[in-house]
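> Start from the sequences and build out the full structure, keeping to the hints where you can.
Here the sequence shown is numbered in this note's numbering, starting from 693 and rising by one per residue.
Pairs of lysine to aspartate or glutamate, DMTMM-like flavour, derived with a Cα cap of 25 Å:
id	residue 1	residue 2
1	Lys754	Glu707
2	Lys758	Glu707
3	Lys754	Asp718
4	Lys766	Glu714
5	Lys758	Glu716
6	Lys766	Asp694
7	Lys758	Glu735
8	Lys754	Glu736
9	Lys706	Asp694
10	Lys754	Glu714
11	Lys754	Glu735
12	Lys706	Asp728
13	Lys766	Glu752
14	Lys766	Glu716
15	Lys754	Asp728
16	Lys758	Glu714
17	Lys754	Glu703
18	Lys758	Glu746
19	Lys766	Asp718
20	Lys766	Glu703
21	Lys706	Glu716
22	Lys758	Asp728
23	Lys758	Asp718
24	Lys706	Glu752
25	Lys758	Glu736
26	Lys766	Glu707
27	Lys758	Glu703
28	Lys706	Glu736
29	Lys754	Glu716
30	Lys706	Asp718
Calculated directly from the structure, the hints in this document are not laboratory data.
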Amino acid sequence: ADATSNALLAEALKEILGTLTEREADVLRMRFGMYDGRTHTLEEVGQIFGVTRERIRQIENKAIRKLRHPSRAKKIRDFYC
693 ADATSNALLA EALKEILGTL TEREADVLRM RFGMYDGRTH TLEEVGQIFG VTRERIRQIE
753 NKAIRKLRHP SRAKKIRDFY C
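Now the structure itself:
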């Protein structure tokens, strides 16, 4: 049952990240270790995208604000209630 829950959560996260811009989703995946299991610093992500770490911070914050929107947040909350 645990593997099934993890698979469902992974699918829900994929779907939710799909509602963001490609750049926003990529930034979150890198910052939270969803690509390679390693979290990347603002500086590292900024170098990859060719922008400052401040710009990455702004992109990350905007993406998180979008994810907190009730329509998106409900999909994740369903796993914890």
